[in-house]
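Student: From first to last, the protein sequence lines are chains A and B. Under the working numbering, the letters of the first sequence match residues 86 to 441, in that order. Under the working numbering, the letters of the second sequence match residues 86 to 441, in that order.
Check before you lean on any hint, since a few could be wrong.
For chains that are exact copies, the list does not tell them apart, and a pair is met inside one copy or across any two.
Unchecked claim - Think about it this way: if two alpha-carbon atoms lie no more than 30 Å apart in a straight line, the pair counts; the simulated DSBU-like pairs of lysine-lysine are: (1) K394 x K121; (2) K218 x K381; (3) K218 x K126; (4) K406 x K151; (5) K295 x K400; (6) K394 x K286; (7) K237 x K88.
These are calculated hints, taken from the structure and not from any lab test. Because the structure is a prediction, the values reported are computed rather than measured.
One letter stands for each residue in the lines below.
Protein chains: 2
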Amino acid sequence: MEKWRIAARRLLTPRILLAHGGGGRETSDVIEKLVKALVPKELWKVEGGSGLDLLDDSATIPVGGKTIAVTIDSYTVDPIIFPGGDLGVLAASGTINDLLMAGAKPIAALDAVVAEEGLETETLARILDSMIKTFALNGVAIIGGDFKVVPKGNVDKMIITTAGIGVILKPIRDNNIKDGDKIIVSGYLGDHGAAILSARKAFGLNLEVKSDVKPLTDLMIPLIEKYGDYIHAAGDPTRGGLAMLLNDWASKNGVVIAIDETQVPVREEVRKYSEVLGIDPLSLASEGVAVLAVDKDVAGEVLDFMIKKGYENAKIIGEAKMPRDPRHKGIVISRTIVGGFRLIEPPSGEIVPRIC
Amino acid sequence: MEKWRIAARRLLTPRILLAHGGGGRETSDVIEKLVKALVPKELWKVEGGSGLDLLDDSATIPVGGKTIAVTIDSYTVDPIIFPGGDLGVLAASGTINDLLMAGAKPIAALDAVVAEEGLETETLARILDSMIKTFALNGVAIIGGDFKVVPKGNVDKMIITTAGIGVILKPIRDNNIKDGDKIIVSGYLGDHGAAILSARKAFGLNLEVKSDVKPLTDLMIPLIEKYGDYIHAAGDPTRGGLAMLLNDWASKNGVVIAIDETQVPVREEVRKYSEVLGIDPLSLASEGVAVLAVDKDVAGEVLDFMIKKGYENAKIIGEAKMPRDPRHKGIVISRTIVGGFRLIEPPSGEIVPRIC
């Protein structure tokens, strides 16, 4: 039987579901069981760099004594203009943040736009302008792109795919977490997911919260320059939220990550909104938040530094531990707000589709 | 008034048309009047590299004494499996060829897939496998990607956006054409466009022609290594075909390009099919053909080299001339098959939408 047929069967569903694109467990399945199964292992990365072996925010390639970081993402959000942002700023911020989280300084981007026939020219121009302004404010050149149009009814108004290129200042690879590392978040979690849900008037409920979408250049570049050696992992909790990111780190590093939910910054209204919708706020996407695993000896200093940089809601929310019992490797647990503990599992199901 | 509103008005149509994505005159409008108007000129490229200033097949960035080439394209073809190929081989070949045409050796790729909910898992696996195999056979690592799913009816089954990274062996910039340069094509033109049209049973006509989609690594790498100094421009005539590519070169270089249609290799059945459909075969896309502008002194030798490499239908089809009358700059003319001359204009209108 053909290799691709075998790979397809391992996914267990004869058709692709929305959940496969949700950024949770099912997306990991697509990557692990389809993509990684089909790519020969020697082509998972360029010699000396990283790629499918690490599945970090960016891949890396050594070039002429330096290392470049490269990332790609397709952005499709409904609605394309939402409280606090739009598809353009989302695409640019996502690309910039993926480079920063790998320890890279973003230098250039390329964008491929697929528009639906009949899209208002002004909407296209406005979204492109948002994207371009966001890149420009962060010193990122826009060096190329593509533009395609598909017949009406074939695309959700507009899909932007952006590729970003950066130069590594200090490599941050997410498989480098040490026993005792503190987990720091840079601000309120879940605002983006909540804002999108609310903009769709999910369940008729309205919420006065804006997306947190923004590039983290002003925070991450000074952090990498000053504390690069002590940042053992960095990520932005987009699709699948903090829950997905911490589970990913726990399994990549074979550690237990223990957090304290009373310390996790979530806006009261977002928490209540999630409760009503029956969604774990830790699974909601953020688009302008950094999560760091930092050496315990400097974690307090790093937190102060972040607060001084204007990230006044930054918090140490927990730590990573090397478990004595190997069965505990890869687990994320949390002290809950009402007391007691709960297991934080990788989110699965649709969560919030078309969110980024 | 906002800059984006002004830019939108310069496009003259209140809504985006299929023609804007056709790769012809209207696509140039989107790039020139929207994108380039909105991106600050100092961000059209990275210092020392190239980007929106040249709009070549790839952008370039100097890194640590070397130069990397980067390209992005979204691929959406209907049907996604067609005679001679599928969306996967198309995406990989397009990416590889865009790097080669800039004088780069392709080394790595990233892919972002947007699938429609309900897509057969086997179709997804088969298309991914095609893409991966094509990259693998050409030594290109697949170092990262993204996977999203949109609700049914929102996307044409599947869109693949690929970014490619290469290392420049010998920069080929398409604004380097010299007086007297010969124009060489590596094989039959328009097979891809004709095959897609036929697969859609346009006008109920069936044609026994396969897409020419393939990476040109085996041709271009030896050519660049041996004749890099003499290749003054290189391109693959995809959307908009040879007509678009030559017009692009003529206007970029301020030359007249004169070709002889009796020398342009087009299969008899493709020519007849185009005639019936009222399409200029020179506007039909090819996905596995190189077009080169080569120094006149070595053009014959280069042609022989190409034929020896297995490209037995390669032909010298014309030449570039510096016109004495500046009003003739940027013009493409052709001797026609029936005798006499005609102006080859940049194609406009829908041509063949969703072709690549």
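Student: Tell me, please, which holds for K295 and K400 at an alpha-carbon limit of 30 Å: within, between, both or neither?
Tutor: within (20 Å within a copy, 60 Å between copies)
Student: When no copy is named, should K406 and K151 be tagged within, between, both, or neither for a Cα gap of at most 30 Å?
Tutor: Classified as neither: same-chain Cα gap 33 Å, cross-chain 42 Å, threshold 30 Å.
Student: Reference check for the pair K218 and K381, CA-CA at most 30 Å: within, between, both, or neither?
Tutor: neither (37 Å within a copy, 45 Å between copies)
Student: For K394 and K286, with the copy left unspecified, which applies at a CA distance of at most 30 Å: within, between, both, or neither?
Tutor: Answer is neither; intra-copy 34 Å and inter-copy 61 Å both fail.
Student: 30 Å Cα cut-off: does K218 pair with K126 within a copy, between copies, both or neither?
Tutor: between (39 Å within a copy, 13 Å between copies)
Student: Which holds for K237 with K88 at a C-alpha limit of 30 Å: within a copy, between copies, both or neither?
Tutor: between (35 Å within a copy, 27 Å between copies)
Student: One pair to classify: K394 and K121, alpha carbons no more than 30 Å apart. Within, between, both, or neither?
Tutor: Neither: 39 Å inside a copy, 34 Å across copies.
When the structure is compared with the earlier hints, violations turn up for hints 1, 2, 4, 6 and for no others.
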